[in-house]
Every structure is written in structure tokens, then in C-alpha cells.
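There are 2 protein chains.
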Amino acid sequence: MASSDWPGSLVADRAPGSAGALIPAIARAHRAMGERLLQGTGLRTGQELVISLLGDSPGRSQAEITRWLGVEPPTTAKMLARMERAGFVERVRSTEDRRVMLVTLTEKGRSLHHRVGELWSELNRITTAGLSDKDQLELERLLLRVLENLTPGDSPVLE
Amino acid sequence: MASSDWPGSLVADRAPGSAGALIPAIARAHRAMGERLLQGTGLRTGQELVISLLGDSPGRSQAEITRWLGVEPPTTAKMLARMERAGFVERVRSTEDRRVMLVTLTEKGRSLHHRVGELWSELNRITTAGLSDKDQLELERLLLRVLENLTPGDSPVLE
DNA sequence: GAATAATAGTAAGTCGGCTAATGTTTTCGT
DNA sequence: ACGAAAACATTAGCCGACTTACTATTATTC
Chain G
0 MASSDWPGSL VADRAPGSAG ALIPAIARAH RAMGERLLQG TGLRTGQELV ISLLGDSPGR
60 SQAEITRWLG VEPPTTAKML ARMERAGFVE RVRSTEDRRV MLVTLTEKGR SLHHRVGELW
120 SELNRITTAG LSDKDQLELE RLLLRVLENL TPGDSPVLE
Chain R
0 MASSDWPGSL VADRAPGSAG ALIPAIARAH RAMGERLLQG TGLRTGQELV ISLLGDSPGR
60 SQAEITRWLG VEPPTTAKML ARMERAGFVE RVRSTEDRRV MLVTLTEKGR SLHHRVGELW
120 SELNRITTAG LSDKDQLELE RLLLRVLENL TPGDSPVLE
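Chains as they are written, first to last, in numbering that gives the first Met the number 0: chain G, 0 to 158; chain R, 0 to 158.
Think of the hints as simulated: they come from the structure by calculation, not from any bench.
For every residue, glycine included, the Cβ atom is placed at its ideal position computed from N, Cα and C.
Treat the hints with care, as some may be off.
[As the list claims (entries may be wrong)] Here are the simulated lysine-lysine pairs, DSS-like style, with alpha carbons at most 30 Å apart:
| # | chain 1 | residue 1 | chain 2 | residue 2 |
| --- | --- | --- | --- | --- |
| 1 | R | LYS77 | R | LYS107 |
| 2 | G | LYS107 | G | LYS77 |
| 3 | R | LYS77 | G | LYS77 |
| 4 | G | LYS133 | R | LYS133 |
[Unchecked claim] For the chain G half of the interface with chain R, some residues (derived, Cβ under 7 Å), not all of them:
| # | residue |
| --- | --- |
| 5 | ALA18 |
| 6 | ALA24 |
| 7 | ALA28 |
| 8 | HIS29 |
| 9 | GLY69 |
| 10 | LEU122 |
| 11 | GLU139 |
| 12 | LEU141 |
| 13 | LEU142 |
| 14 | THR150 |
[Stated by the list, open to error] Here are some of the chain R residues that sit facing chain G, going by a computed Cβ distance under 8 Å:
| # | residue |
| --- | --- |
| 15 | SER17 |
| 16 | MET32 |
| 17 | ILE125 |
| 18 | GLN135 |
| 19 | LEU141 |
| 20 | VAL145 |
Let's have the full structure, built from the sequences with the hints guiding it.
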């Protein structure tokens, strides 16, 4: 009774094509699981991506980070401000182009790089647990298609 | 150049099992599309679910709505407070059990019920565009499994 | 070279979502 | 019956995300 009355209500009702109703639920669960795994690191969900990116290629501008995350500039600005306040990153104005803020990991941030990679793999493992390799590929294929469906205008003219 | 440098960065890197990286991206895109479709109604994403539920079965308590949405109580409380302020719902204290707040649609809210159903179908149509019926079922199956993977403890002991 | 456009970042305000803490009212167990 | 436990709702505060301004800088273009 407790396992199927939940977003099941949504799912059960509209028989075909109910995949859409699952998306917000999965997103919440995925975020919650990520948050759980990140406990102890001091990071919040989403920030681990910044650690990962800057760990691999330091000194990126906020604009680059923004594009890489696929979010809007204010989202990045706020997150980085918090991460700076928490001591994970440092931001310095570029001397070449005084509009840009170059972001680098602090020692504290750098020390989390490896752990973040592990946790990320762990999250992926949990997410796709019980799915065969074939299922995983199938899932990726379908999700990519869904993502394309939901981001019109993001695709350039050709290709 | 613009289509593959985006969460593609995440996807391309970690070859197998990268489905997890797609989830937040899809969730954002799905929400954005929903927001777009809801334009003109005055509703924000998530609120349409309340309209839909209360339209089908009026006079539910916030706790019921909370369980149905699958979120935490404060989320529901805040959302309903906004929806009440916007004139979509009304909340009255139950006389039978004075702890509960019974929520009903106002005329304004009720007038959106049908439209919300249409928009919801439309969103589902957009989301699964280009997928065969078989693919849609496959996607649902995989997503349900992922949801189960990500919500441990949500499942009772048996079944 | 000066006016204009494009780019980088910030500020303010809104919303969905969460946790933790609090207050009320029922319900339950002894 | 009475005190403890459970259930309903709210408040406060945080984070990620978005839109809509707005500032500062660099590029363009006439």
C-alpha cells in the first residue's frame, strides 16, 4: 500500500505515456541520494560538478562553468559565491579580460576531487543497479532522445 | 558546436553508466517545458498537479496532497499558501479533526482543471515524441526501476 | 575615434524542494 | 483517565534554479 500509492497515483491513472510523470520524482530522488552521498564533504548537490570540472581543468571562468553545467549565469554566480565562502574555491578577476572571474580550487577543494569522482560513480551505480548493460545503454538512448525533445532550439541548424 | 558541448561533456567522459548524469538535465528541461506550457494560466510547475488532484477529488487535506505529490509537508504548505494567495484554492480548518486543513479549488481553480489535463498530455506528448509505443513502455519500465533504486526504505518489507 | 553592440558578472525577487524546530490536536497504551 | 506518542500544519532558513534588470568591460562598426 505504501509503495504504489505515491507517484503511482499519477502513473497508474494515465496508462500510456506516463513516463513524463516519473521525471520530477526521479529527479528528486536522485538529488536526495546525491545529497546523502555527499554528506561529510560539506558539498551540496551540484557543487560536486564544479569540483570535478575545476579539478580536471583549473582556472575556468564562470561563463565556462556556466556553459558546462548547462545552467543560467546567476545560478553559477550564487553557487560559486557560496563555495567561496565555504572555502572550496577562489575567484580572482582576470587581468587579461577584466570582466571575467577566474575560478580555481583551494587546497580544501582540491582534496575533494578524488572523493567526488568516487561518489559520482557510486551514485551512478546505485541509479542503474539491476540494469543489464543492454538496459543501461537503452536507458541512455531513450533519455538522450527525451532530452532532445525537451530542449528545442538548443540544437543548431545542421547535424 | 552548440549541441554537444553541454551536458555532453558529462556524458561523453564517463562512457558506461552515464545515465545518471542526464537526470538533472532532463529534470530541468522538463520543468522548463512545463513552465512554458503553463504560461497564461498563472500556475507554476507543480501547482498543476494540485489542480488536477483537487479537480478529481475535492476537499483533500494537505497531508493527503503531500503524500500524493510525494514531497515533504513544508513544500505543500508553502505552495498551497501561494496558490491560495493567487486565488486558485481555499483552505478551511476541518471541524472533524481540527488539525487538518481541507483544501478545495475556487471557481478560478476549477476553471483550469480541464486545461491542465490538456497541457499535461501535451507535455507528455512532447517528452516522448519520436518514441515508439514499445520504446515508451521500455522507458517507463527502466525509469520505474531507477526510481526504486533511488528510493530505498520507501518500499515496505514485503512485495 | 566615438557610438553601439556583445559579453561577463551581479542584484533582486520568485518558486520548488529540503531539514529542523515548534505548536496543536488526536490517538493510544497502560 | 491520564500521560506519552503520533499526526497535521507552520515557521525559519538553506540551496538550486529561473527571470528580469543593471553594471562594467571588451569588440565592432561606422
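Here is how each hint holds up against the structure:
The straight-line distance between the Cα atoms of R:LYS77 and R:LYS107 is roughly 19 Å, inside the 30 Å bound, and the hint therefore holds. The straight-line distance between the Cα atoms of G:LYS107 and G:LYS77 is roughly 19 Å, inside the 30 Å bound, and the hint therefore holds. At most 30 Å may separate the alpha-carbon atoms for a hinted pair to count; R:LYS77 and G:LYS77 meet this at roughly 23 Å. As the CA atoms of G:LYS133 and R:LYS133 are separated by approximately 16 Å, the hinted pair is consistent with the 30 Å bound.
The closest approach between the C-beta of G:ALA18 and any C-beta of chain R is roughly 5 Å, which is under the 7 Å cut-off, so the hint is satisfied. With a least beta-carbon distance of about 6 Å to chain R, the hint placing G:ALA24 at the interface is held under the 7 Å criterion. At about 4 Å, the closest approach between the beta carbon of G:ALA28 and any beta carbon in chain R falls short of 7 Å, and the interface hint on this residue holds. Here the hint on G:HIS29 is kept, as its CB sits about 5 Å from the closest CB of chain R, short of 7 Å.
The interface hint given for G:GLY69 is met, as the beta carbon of that residue sits about 5 Å from the closest beta carbon of chain R, less than 7 Å. Here the hint on G:LEU122 is kept, as its CB sits about 6 Å from the closest CB of chain R, short of 7 Å. The beta carbon of G:GLU139 comes within 5 Å of a beta carbon in chain R, closer than 7 Å, and the hint placing it at the interface holds. A cut of 7 Å between beta carbons decides the hint on G:LEU141: the least distance to chain R is about 5 Å, and the hint holds.
The closest approach between the C-beta of G:LEU142 and any C-beta of chain R is roughly 5 Å, which is under the 7 Å cut-off, so the hint is satisfied. Because the beta carbon of G:THR150 sits about 5 Å from the nearest beta carbon in chain R, less than 7 Å, this interface hint is met. Hint on R:SER17 holds. Least Cβ distance to chain G is approximately 6 Å, under the 8 Å limit. With a least beta-carbon distance of about 5 Å to chain G, the hint placing R:MET32 at the interface is held under the 8 Å criterion.
The interface hint given for R:ILE125 holds, since its Cβ lies 6 Å from the closest Cβ of chain G, which is under the 8 Å cut-off. Interface restraint check for R:GLN135: the shortest CB-CB distance to chain G comes to about 6 Å, inside 8 Å, so the restraint holds. The criterion of a C-beta within 8 Å of any C-beta in chain G is met by R:LEU141, whose closest approach is roughly 5 Å, and the hint holds. Taking 8 Å as the C-beta contact cut-off toward chain G, the hint placing R:VAL145 at the interface holds, the least distance being around 6 Å.
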